[in-house]
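Here's the letter readout for the chains.
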Amino acid sequence: MNTFLQLLISALLVSSLYSLVAVGFTMYVGVINLANFSHGDTCVLGTFLMMPLFLYATKLGWISASTGLVILILIILLIFLTGLWGAAIYTILVKPLLAAPRLILLLATVAAGQVIREAIRVIYPNGSNPQVFPKLLPSGSLNLSGITLGYDSLTIIFLTIICILSLNFIIQKTKMGVAMRAVSQNADVAQMMGINIEQTIISVFVIGSALAGMAGILNGSYYGITKFNLGSNLGIKGFSAAVIGGLGDFKGAIVGGVLLGFIEVFAAAYIPNGSQYQDVFSFLAVIAFLIFRPSGILGEKIFEKV
Amino acid sequence: MLELTEIRVKYGKSVVIHDVSLSIQQGEIVSILGPNGSGKTTLVRSIVGLTPVVSGEIKFFNESIQKLKPHQIVAKGIVVVPEGRGIFPKMSIEENLKTGFMFIEKDKNVMNERIQEAYDRFPILGQRRNQLAGTLSGGEQTMLAVSRAMMRKPKLLLMDEPSLGLSPKLVQQTFGIIQELNQAGTSILLIEQNAVKALAICTRGYILQKGNVVLSGTREQLIADEKVHKAYFAMD
Ligand SMILES: Nc1ncnc2c1ncn2[C@@H]1O[C@H](COP(=O)(O)OP(=O)(O)OP(=O)(O)O)[C@@H](O)[C@H]1O
Ligand SMILES: [Mg+2]
Numbered sequence: 001m002n003t004f005l006q007l008l009i010s011a012l013l014v015s016s017l018y019s020l021v022a023v024g025f026t027m028y029v030g031v032i033n034l035a036n037f038s039h040g041d042t043c044v045l046g047t048f049l050m051m052p053l054f055l056y057a058t059k060l061g062w063i064s065a066s067t068g069l070v071i072l073i074l075i076i077l078l079i080f081l082t083g084l085w086g087a088a089i090y091t092i093l094v095k096p097l098l099a100a101p102r103l104i105l106l107l108a109t110v111a112a113g114q115v116i117r118e119a120i121r122v123i124y125p126n127g128s129n130p131q132v133f134p135k136l137l138p139s140g141s142l143n144l145s146g147i148t149l150g151y152d153s154l155t156i157i158f159l160t161i162i163c164i165l166s167l168n169f170i171i172q173k174t175k176m177g178v179a180m181r182a183v184s185q186n187a188d189v190a191q192m193m194g195i196n197i198e199q200t201i202i203s204v205f206v207i208g209s210a211l212a213g214m215a216g217i218l219n220g221s222y223y224g225i226t227k228f229n230l231g232s233n234l235g236i237k238g239f240s241a242a243v244i245g246g247l248g249d250f251k252g253a254i255v256g257g258v259l260l261g262f263i264e265v266f267a268a269a270y271i272p273n274g275s276q277y278q279d280v281f282s283f284l285a286v287i288a289f290l291i292f293r294p295s296g297i298l299g300e301k302i303f304e305k306v
Numbered sequence: 307m308l309e310l311t312e313i314r315v316k317y318g319k320s321v322v323i324h325d326v327s328l329s330i331q332q333g334e335i336v337s338i339l340g341p342n343g344s345g346k347t348t349l350v351r352s353i354v355g356l357t358p359v360v361s362g363e364i365k366f367f368n369e370s371i372q373k374l375k376p377h378q379i380v381a382k383g384i385v386v387v388p389e390g391r392g393i394f395p396k397m398s399i400e401e402n403l404k405t406g407f408m409f410i411e412k413d414k415n416v417m418n419e420r421i422q423e424a425y426d427r428f429p430i431l432g433q434r435r436n437q438l439a440g441t442l443s444g445g446e447q448t449m450l451a452v453s454r455a456m457m458r459k460p461k462l463l464l465m466d467e468p469s470l471g472l473s474p475k476l477v478q479q480t481f482g483i484i485q486e487l488n489q490a491g492t493s494i495l496l497i498e499q500n501a502v503k504a505l506a507i508c509t510r511g512y513i514l515q516k517g518n519v520v521l522s523g524t525r526e527q528l529i530a531d532e533k534v535h536k537a538y539f540a541m542d
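The listed protein sequences derive, respectively, from chains L and B.
Going by the numbering used here, the final residue of the first sequence carries number 306, and the count climbs one at a time with no gaps.
Going by the numbering used here, the final residue of the second sequence carries number 542, and the count climbs one at a time with no gaps.
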C-alpha cells in the first residue's frame, strides 16, 4: 500500500511536468492551428537562461541571505525572459510565415528548436555536456506514516496547479482569453468583431513560451540536471499528452499529461523491466488514442476549428 | 458615408472584383444583388480589410480606410453580419453577444444594457443565454448574429445574406428588423439573393455579375428594369 501511495506521488509529479508542457503546446494548436515543435527546446532554453541568473545572484551573495524570495524573483524574471523569447519567435519566424501553408510554419518551428539546441551547445561553456542545475526548490521531505513527500515534488505539483488555474482564468474570463477563443473558432469573424489578431497571436506565443520556461526550470530543479538536447524528449512528451487530450483541447492536455505520467510511473514499477520501456508504453497510449479517439480523451474543445 | 471607387480585388491571379464603384449615403439601405460567385462576399471582406484591394479606394466618412487593419476599420463604426452568420459555436450565447462590444467599446454598463435589449427583442436568446451558440437552430443563430451586430449600435451595418436558409416567416421577421434598425439611424448595406424582398425595402441597389456592376439605380428604377424583372420577378 505504501509503495502504491509513494508511486502515486511520483506519478503526480511527472504528470505535473508533462501537463505544464502540454497545455502550452495545445494552445498553439488551438489558436493558430500550429504544432510548435520548438516548444520542448524552449523549456530547455529556460534552464540555460536560469543558470547564469542563479550564478550571478550567488556571486552577489543574495542566495544565502534570503534564498526563497530571491529564487521567486529569479523565477519571475525567467518567466518574463522566456515570454520575451516567445514574442521574438513570433516576430522573426511566425509573422512572416502566417500567410504561408501551416506545414511551412511547422517546419520553421522544427528549425527554431534546432537553433536553440545548437546555440546552447556552442555558446554555453561546455555546452555539449550535461549541466548541474541548481536546486531552486525547497529540499527535505515530510514523512507521513512511511510515505516520503519531498518538498520539491510538493512545490512542483503546487506551482503547476497555480499555473494551470491562472491560465484557465485568463482563457475563460479575460478579454485576451475571449479573443484567443474567438480567433481559434473563426479568425475572420474574430477580426470583424474588432479583435486585433496579431496581438492575440503574440500573446499566445508569450504565454506559451513563459509556460515552457516554467516547465523547464521545474524539470531541471527536480532532476538537478539539464542538457542542450533534453527538449526533444520533453517536447515529445508534451506533444503526446496534448494528442491524448485532443490537440487544441486545454483541459484535455492536462488530463493527457496526468495519464501519461501515471502510465510511465506505474509501468516502470509493475511491469518487469518496465522502466526500460516506459517510453514505449506512453507512445502506445498515444497511438491508441490516435486510432480510437482522435478527438481526444474528453472530446470537448474550448478552442476549436470550425 | 461609405464610398468605393474603382476597387479591384484578386484571389491569387484571378480578378474577382473588376473596378467596382459604389456608395452608401447616411440613412440608406443599399442592396447588392447577384448570383452565386459574383463577388458579393468578397466586397464585404474588402470593405473591412480582410481581403486587400489591389487598386482603387475605399473611403468611410471621407477617410481612406483600405490600408487599415480589419480591427481598425470596424472600430470606425462598421459592423458586419457575416455570411453564414459567423457565430462562435463554442461560446455561450451571452459571450457571443459580448464579442460584439467588448473589443471596441469599454463601458460595461452599456454592454449589459445592450445585452438586455437583445434578450427583450428575442426572449429565446435570454432563456438560453448560457448555452453554447452552436446548439442554436439556423434561425436562432441569425437572431444572435443580428443581436451581436446591434451591440455596438453601428453607423454602418454590412449584412451578407442574412435571410439565407431561413423559413419564410423568419425571412419576414429578419427584413422587418432590418427596416427597424434603419429607421433607428443605421445605414445598411444589404447583400441578398432574395431580390424580391431586398428590393422591397432598399432605397437603392446594385446588381453584380462576375465582379462587375452591371446595373445600379434606385429601388424604383431597378424594379422597372426589364432585365431585373425577367431575372427576379418573372416567376411571381
Ligand atoms: N479564398 C478564395 N480564394 C480563391 N477564390 C475565391 C476565394 N473566395 C472566393 N473566391 C472566388 O471569388 C469569386 C467571388 O466569390 P464570393 O464569395 O465573393 O461570391 P458571392 O457573390 O459571395 O457568392 P455566394 O452568393 O455564393 O455567397 C468566386 O468565383 C469564388 O470562387
Ligand atoms: Mg457570398
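Keep in mind that the hints are not guaranteed to be accurate.
[What the hints assert, rightly or not] Calculated pairs, SDA-like style, for lysine to any residue (alpha carbon to alpha carbon, straight line, at most 25 Å): (1) 375/B - 101/L; (2) 461/B - 111/L; (3) 412/B - 187/L; (4) 396/B - 96/L; (5) 412/B - 101/L; (6) 373/B - 96/L; (7) 412/B - 284/L; (8) 382/B - 101/L; (9) 95/L - 413/B; (10) 173/L - 373/B.
[What the hints assert, rightly or not] To give an idea of the chain B side of the interface with chain L (calculated C-beta under 10 Å), a few residues: (11) 363; (12) 377; (13) 395; (14) 401; (15) 405; (16) 406.
In short, the hints are calculated from the structure, not lab data.
The structure presented is a predicted model; accordingly, all values stated were derived computationally and were not measured.
We put the beta carbon where it would ideally sit given N, CA and C, even for glycine.
Comparing the hints with the structure gives:
Among the hinted pairs, residue 375/B with residue 101/L is consistent with the structure: their alpha-carbon atoms are about 21 Å apart, no more than 25 Å. Among the hinted pairs, residue 461/B with residue 111/L is inconsistent with the structure: their alpha-carbon atoms are about 47 Å apart, more than 25 Å. A threshold of 25 Å between alpha carbons decides the hint, and for residue 412/B with residue 187/L the separation of about 22 Å falls inside it, so the pair holds. Our distance criterion of 25 Å between C-alpha atoms is broken by residue 396/B and residue 96/L, whose separation comes to about 29 Å.
With a C-alpha separation of about 36 Å, the suggested pairing of residue 412/B with residue 101/L is violated against the 25 Å cut-off. Between residue 373/B and residue 96/L, the direct Cα distance comes to roughly 18 Å. Compliance with the 25 Å bound is thereby established for this hinted pair. With a C-alpha separation of about 50 Å, the suggested pair residue 412/B and residue 284/L falls outside the 25 Å cut-off, and the hint is violated. For the hint linking residue 382/B to residue 101/L, the alpha-carbon distance of about 32 Å lies beyond 25 Å, and the restraint is violated.
About 32 Å separates the Cα atoms of residue 95/L and residue 413/B, which puts this hinted pair outside 25 Å; it is violated. Taking the CA atoms of residue 173/L and residue 373/B, the gap is about 32 Å. The hint is violated against a cut of 25 Å. With its C-beta approaching chain L no nearer than about 21 Å, residue 363/B sits outside the 10 Å limit, and its interface hint is violated. Taken as an interface hint, residue 377/B checks out: its beta carbon lies about 5 Å from the nearest beta carbon of chain L, inside 10 Å.
For residue 395/B, the suggested interface contact is upheld, since its CB lies about 6 Å from the closest CB of chain L, less than 10 Å. Because the beta carbon of residue 401/B sits about 7 Å from the nearest beta carbon in chain L, less than 10 Å, this interface hint is met. Taken as an interface hint, residue 405/B checks out: its beta carbon lies about 5 Å from the nearest beta carbon of chain L, inside 10 Å. Given the 10 Å rule on beta carbons, the hint for residue 406/B holds: about 6 Å separates it from the nearest Cβ of chain L.
When the structure is compared with the earlier hints, violations turn up for hints 2, 4, 5, 7, 8, 9, 10, 11 and for no others.
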